[in-house]
Amino acid sequence: MSNQNILEVRDLTKHFKAGGKQVVHAVDGVSFTLARGKTLGLVGESGCGKSSCARTIIRMYDVTAGQVVLDGTDITNMKQKELKPLRRKMQMIFQDPYASLNARMTVRDIIAEPLIAHGIVNKKEAANELVYPMLEWVGLTKEHANRYAHEFSGGQRQRVGIARALILKPELVICDEPISALDVSIQAQVINLLKDFQEEKGLSYLFIAHDLSMVRYVSDEVGVMYLGHLVEICESNEIYDNPLHPYTKGLLGSIPIANPRLARQKEKSGIEGDIPSPIHPPAGCRFHTRCPFAKPECSEVKPQMKDAGGGHMVACHLY
Amino acid sequence: MENKWEMLESSNEDREKLWKKNRTFAGDVWFRFRHKPTAIAGFVIIILLLLFALAGPYFTKYSYSAQNLELVNIPPRMKVYEAPDGTGYMYITQSLKVVWVNKDGTLGGQLKKVREESESSMTIFDCNGTEVALYYGTKPYMMADPETRVLYPAAHVFNKSYTLGTDSLGRDILTRLMYGTRVSLMVAFVAVLVNLVIGIIFGGISGYAGGTVDTVMMRIVDIISTIPLTLYVILIMVVLGTGLKSIIVALGTVYWVDMARVVRGQVLSLREQEFVLAAKTIGSSTKTILLQHLIPNAMGSILVTVTMLIPSAIFMEAFLGFLGIGLQPPLASLGTMCNDATENLRSCPYQLFIPALVICLIMFAFNFVGDGLRDALDPKLKK
Chain A
1 MSNQNILEVR DLTKHFKAGG KQVVHAVDGV SFTLARGKTL GLVGESGCGK SSCARTIIRM
61 YDVTAGQVVL DGTDITNMKQ KELKPLRRKM QMIFQDPYAS LNARMTVRDI IAEPLIAHGI
121 VNKKEAANEL VYPMLEWVGL TKEHANRYAH EFSGGQRQRV GIARALILKP ELVICDEPIS
181 ALDVSIQAQV INLLKDFQEE KGLSYLFIAH DLSMVRYVSD EVGVMYLGHL VEICESNEIY
241 DNPLHPYTKG LLGSIPIANP RLARQKEKSG IEGDIPSPIH PPAGCRFHTR CPFAKPECSE
301 VKPQMKDAGG GHMVACHLY
Chain B
1 MENKWEMLES SNEDREKLWK KNRTFAGDVW FRFRHKPTAI AGFVIIILLL LFALAGPYFT
61 KYSYSAQNLE LVNIPPRMKV YEAPDGTGYM YITQSLKVVW VNKDGTLGGQ LKKVREESES
121 SMTIFDCNGT EVALYYGTKP YMMADPETRV LYPAAHVFNK SYTLGTDSLG RDILTRLMYG
181 TRVSLMVAFV AVLVNLVIGI IFGGISGYAG GTVDTVMMRI VDIISTIPLT LYVILIMVVL
241 GTGLKSIIVA LGTVYWVDMA RVVRGQVLSL REQEFVLAAK TIGSSTKTIL LQHLIPNAMG
301 SILVTVTMLI PSAIFMEAFL GFLGIGLQPP LASLGTMCND ATENLRSCPY QLFIPALVIC
361 LIMFAFNFVG DGLRDALDPK LKK
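Note that the protein sequences, when read in sequence, are chains A and B. Just so it is clear: in the first sequence, position 316 is 316 by our numbering, and no numbers are missing. Just so it is clear: in the second sequence, position 26 is 26 by our numbering, and no numbers are missing.
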């Protein structure tokens, strides 16, 4: 436990080339820290750069600008070879349990792959001692080990994906929408499985989702992203009870309420219009084109992150 | 468990136990392969052809190059005339010679010519001491015995000395067919092996690296694929000399471009799949990603390309042989045999028909096997 923060991200920026001289501003100046053993939820609508952010942190993509510090080590510009030993600390769970497992490999081989890649075991047969307990851990049995991924249901596949991510005993797990491809009953099982692991092994999660109620359940802190910018970040209950940024308000307003009486009382605050193109993001505050409270200032000056009291950080000219 | 209807205890072991025997991947592929009749038929044909080509020459008493100019263009089934003394048959060849055929169908030598009677369009032969005449003034030719009675074709007998007949130089077609099949299969296997190795490595690197590397490598492929193969083979013949080696070099250096394109396309689409990204975040080496994730998943398309490639390589070899720039005589290949047969196609169609049939058989067999393998290698079709 050398560092209190397992992950520090400072001004992380990722731009993609999109043919010709066009540039997609996928992630722009995102900063946050994740304390050891905690969960940071990252929410936002489709295309806002959540997944790009996660994939840049795990260095699947090269960083355009900014800094990623994993457990006190700056991994921003490390070569893949230097990065390899550090990958044991940081693993990822993917969104689509159908696409993230190789159809030509048995479950044992899939889960044993990280062990072989890091030289913990030399042969697939030798991995059984580690793979079988892991399978039991995620709620499968060793009888499943010889089957292929397509023989499982979606929930079981995601368990295999989780087993693969956790077999190296990482300290940080990046969950890239791990539940959005599953149906509701399975979502709860998978979430509870992840929470159990956190309690048992002191894992930290960077949890990416667009399901706000699920994020509230798992996260200690929640960050809201809009078009590559982090617009608001604070303690989980605070953001749900007292959202400050107009985008966060709109996002929370879009959660359906089961009780019709309460639903009628709720003020309508949905967000109008579509998300602008990340190739030509609006100047100033990126949300001003859709913001009901936009001022002239908003289209000119980019709002900075500031503390609106009690560690509630928000990037908006209203505060 | 005595009573199979008894309730199981709800232990995990039994609940998820696979009661059927677990098959390995190879066993699984074989299981699916052998349940496809066409695939098995193709497989059996290939095995038989291999036996025919590799073991066959040990069982024949002729060599592929030994000529017997007395017995040229003898078909597998002969129309024969009864000898006047009734001890055997006589067969009239294309070149107006008479060949002695024993009762059991084996061939003797040519009958000795006694004299030529040009003014009456007759040749007189000596048949065991009696004189027989061959009248060639009209078609069909006629045979007559010493009493000038016309002899009529007595029977059709199978050629027991040369099961598939002889060619225009009196060589045994069956023996030449064995060597020809051997050459064709060898060309096919070597060409495919070379293509597989070069194509997969080249296409794999090109697709996986992407960007400028990909562009440059694909332009090289484009350039190679524009070279006309026939011209290229002739050029190689000039440099390396004619022969099997040149054909293999020519096919090996040109045919891999299709394979490289297919592999590149597959790798390009597969490398963006989440399971490949997952392997990267795990820290797997590039080698592992290529060999364990990309290539096995591209194997279906690779096999389809290979099965298109084997028949086309065999056909290309036959085609080059047919043009006369393939193997040089007396070596036999299916193509050169076809080429030799065209000279007397009208009188001896069997000389063309037999090697052509073998070419067809090989192509069918490989296509069926490839089709079966593609289905067998796809675990999603598991039964």
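Hints listed in this document are in silico derivations from the structure and should not be mistaken for laboratory results. Wrong hints could be hidden among the right ones.
[Said to hold, decoys possible] No more than 20 Å apart at the CA atoms, straight line, and that leaves these computed lysine to aspartate or glutamate pairs for DMTMM-like:
no. : chain 1 : residue 1 : chain 2 : residue 2
1   : A       : K84       : B       : E274
2   : A       : K79       : A       : E8
3   : B       : K280      : A       : E82
4   : B       : K280      : A       : D62
5   : B       : K287      : A       : E82
6   : B       : K280      : A       : D96
7   : B       : K280      : A       : E177
8   : A       : K84       : A       : D74
9   : A       : K89       : A       : D241
10  : B       : K280      : A       : E171
[As the list claims (entries may be wrong)] Derived CB-CB ranges, DEER-like:
no. : chain 1 : residue 1 : chain 2 : residue 2 : range
11  : B       : T286      : A       : G19       : 22 to 28 Å
12  : B       : F364      : A       : G47       : 34 to 40 Å
13  : A       : E125      : B       : I220      : 39 to 45 Å
14  : A       : Q67       : B       : K287      : 54 to 60 Å
15  : A       : G72       : B       : M308      : 53 to 59 Å
16  : A       : K195      : B       : K287      : 33 to 39 Å
17  : B       : S285      : A       : K21       : 31 to 37 Å
[What the hints assert, rightly or not] A few chain B residues that face chain A, going by a derived Cβ cut-off under 7 Å, partial list only:
no. : residue
18  : S269
19  : E272
20  : Q273
21  : F275
22  : A278
23  : K280
24  : S284
25  : H293
26  : I295
27  : N297
Beta carbons are placed, not taken as given, at the ideal position from N, Cα and C, and that holds for glycine.
Quick rundown of the hints versus the structure:
no., hint, in the structure
1, K84/A x E274/B, "19 Å, holds"
2, K79/A x E8/A, "19 Å, holds"
3, K280/B x E82/A, "14 Å, holds"
4, K280/B x D62/A, "13 Å, holds"
5, K287/B x E82/A, "17 Å, holds"
6, K280/B x D96/A, "16 Å, holds"
7, K280/B x E177/A, "18 Å, holds"
8, K84/A x D74/A, "14 Å, holds"
9, K89/A x D241/A, "34 Å, violated"
10, K280/B x E171/A, "18 Å, holds"
11, T286/B x G19/A: 22 to 28 Å, "27 Å, holds"
12, F364/B x G47/A: 34 to 40 Å, "52 Å, violated"
13, E125/A x I220/B: 39 to 45 Å, "42 Å, holds"
14, Q67/A x K287/B: 54 to 60 Å, "31 Å, violated"
15, G72/A x M308/B: 53 to 59 Å, "56 Å, holds"
16, K195/A x K287/B: 33 to 39 Å, "37 Å, holds"
17, S285/B x K21/A: 31 to 37 Å, "35 Å, holds"
18, S269, "12 Å, violated"
19, E272, "10 Å, violated"
20, Q273, "6 Å, holds"
21, F275, "5 Å, holds"
22, A278, "5 Å, holds"
23, K280, "6 Å, holds"
24, S284, "4 Å, holds"
25, H293, "6 Å, holds"
26, I295, "9 Å, violated"
27, N297, "6 Å, holds"
Hint violations for this structure: numbers 9, 12, 14, 18, 19 and 26, all remaining hints satisfied.
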